[in-house]
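Enquirer: In my numbering, the protein residues as written are 0 to 130.
Derived by calculation from the structure, the hints in this document are not laboratory data.
Misleading hints may appear alongside valid ones.
[As the list claims (entries may be wrong)] Heads up, simulated SDA-like pairs for lysine to any residue below, C-alpha to C-alpha not over 20 Å straight-line:
1) Lys119 / Lys35
2) Lys35 / Asn13
3) Lys88 / Tyr57
4) Lys119 / Lys88
5) Lys35 / Val93
6) Lys88 / Ala72
7) Lys88 / Tyr104
8) Lys35 / Tyr104
9) Lys88 / Pro113
10) Lys119 / Pro102
11) Lys88 / Glu105
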Amino acid sequence: MALWRACGLVTAYNDPVADLARAIAGPSSCVLVAEKAAGLIVGTVMVGHDGHRGWLYYVATDPSDRRAGVGRALIAAGEGWLRDRQIAKVQLMVREANAAVLPFYEQLGFEETPRIVMAKWLTPSDGDRQS
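Whenever a hint applies, use it, and build me the whole structure from the sequences.
Expert: Here you go:
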């Protein structure tokens, strides 16, 4: 969770502990990690699919380990996990506040798609939320 916080991936309206638990327990999802010696986690990617589209979430690389190939390796591993399950397409969403990562994804072959993402909360709110 500390890595996700350091990378700005945790917001007031999501629960990363619950997200992680669901991804680990789910039959169509997993969490891949990159580690240094002594088990220090320096990168993550959560991978899931709906049977057709794959999704990458919580793509994170420790700020001190960026530009060392960790993120690229994690994306490749996530894509491999999806390919092994015959998933045809992989997608991810980038928050507007994190647009600086767009060139990284573009270098890996990702393209902006003409889609509008719509959301609806199904749980009560404890305060202001954004999608």
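Enquirer: Among all the numbered hints in the text so far, which are the ones the structure does not match?
Expert: 1, 2, 4, 5, 8 and 10
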